[in-house]
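Student: Sequence:
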Amino acid sequence: MRILLLSQFYPPVIGGEERHVRNLGAALARRGHRVSVGTLWHPGSPETDLDGAVRVHRLRGTLQRLSGLHADPERRHAPPFPDPELVLALKRLVAREQPDIVHAHNWIYASFLPLKDLSGARLVVTLHDYGLVCAKKNFMHLGTQLCSGPAAAKCLPCATRHYGPVKAAVTTLGNWASSFAARRVVDRFIAVSHAVARHNGLTQGHAPYDVIPNFVPDDVGVLGPEDACLRELPPDGFILFVGDLMRLKGIDVLLRAYARLERAPPLVLVGRRAADTPTEFPPNVRVFSMWPHSAVMHAWRRSLFGVLPSVGPEACATVIM
1 MRILLLSQFY
11 PPVIGGEERH
21 VRNLGAALAR
31 RGHRVSVGTL
41 WHPGSPETDL
51 DGAVRVHRLR
61 GTLQRLSGLH
71 ADPERRHAPP
81 FPDPELVLAL
91 KRLVAREQPD
101 IVHAHNWIYA
111 SFLPLKDLSG
121 ARLVVTLHDY
131 GLVCAKKNFM
141 HLGTQLCSGP
151 AAAKCLPCAT
161 RHYGPVKAAV
171 TTLGNWASSF
181 AARRVVDRFI
191 AVSHAVARHN
201 GLTQGHAPYD
211 VIPNFVPDDV
221 GVLGPEDACL
231 RELPPDGFIL
241 FVGDLMRLKG
251 IDVLLRAYAR
261 LERAPPLVLV
271 GRRAADTPTE
281 FPPNVRVFSM
291 WPHSAVMHAW
301 RRSLFGVLPS
311 VGPEACATVI
321 M
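Residue numbers (our numbering): 1 to 321.
Since the hints were made in silico from the structure, they are not lab data.
Here are the simulated lysine to aspartate or glutamate pairs, EDC-like style, with alpha carbons at most 16 Å apart:
1) 137 x 244
2) 116 x 100
3) 91 x 117
4) 116 x 187
5) 137 x 314
Taking the hints into account, I'd like the entire structure generated from these sequences.
Tutor: Given below as structure tokens:
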């Protein structure tokens, strides 16, 4: 089959979802399918290149040009509604690749919805988070407690606290509209966990879905060459955290708990900084960012143990897998 994978980010952009899409594309190609990827253009990346047997097309969208809309200029997300320029780019890509199946991951699916009928392709959408119902994608009301479900009286104030009033209104209303349409035209949803299916409302609705957890390659434990950044690790055993250095991932809880330990081994944090990343850390904590995946795998091997202290509902924590 001809399969087109759509993902807002793709390596070298670092993240669990990005690695999953890459692994999925490679696995499908090994099975004899013709696989291509459509992803958002990232500064410094070619518009088209080959990643093994998978052809990668990097597309530009209108909102990606508006840097002020994005908290992290290195991660300019696809909107939860059709982006005019991205829709046109996807239309050209579909005409070129002629896919039998379009497999979209998260919000980039919204820019394919207007093309679905014309393309003739079946549409599969994998949900890696709670973005089908939550404008913040994390299903945490006001960032402090598990949400009981979407409602205008809750969602708009919650999103406003996160995005600001204008961006919150556009994101929330656009997400509701796209979600309403998607539940009627998507041929199959894939939820990466039962929690994702339940909180996104798939278990109570009529949209067809399956629960298929993310996977890791069989050779994930095979370590590659050592990167120079590994020299910065403590020489002896250490506790390891890998992930976004943000409150939702439990970084505050972890640091408070670590500060209370006596004679504790070093704590190593590897991940992206966020707006709420702490500015001060207890003694014996080392913080690193933007490490390549191979270096992270070496760090796991050298660590005493890893920690995943998330205070929100993890969708499918491939970082631990």
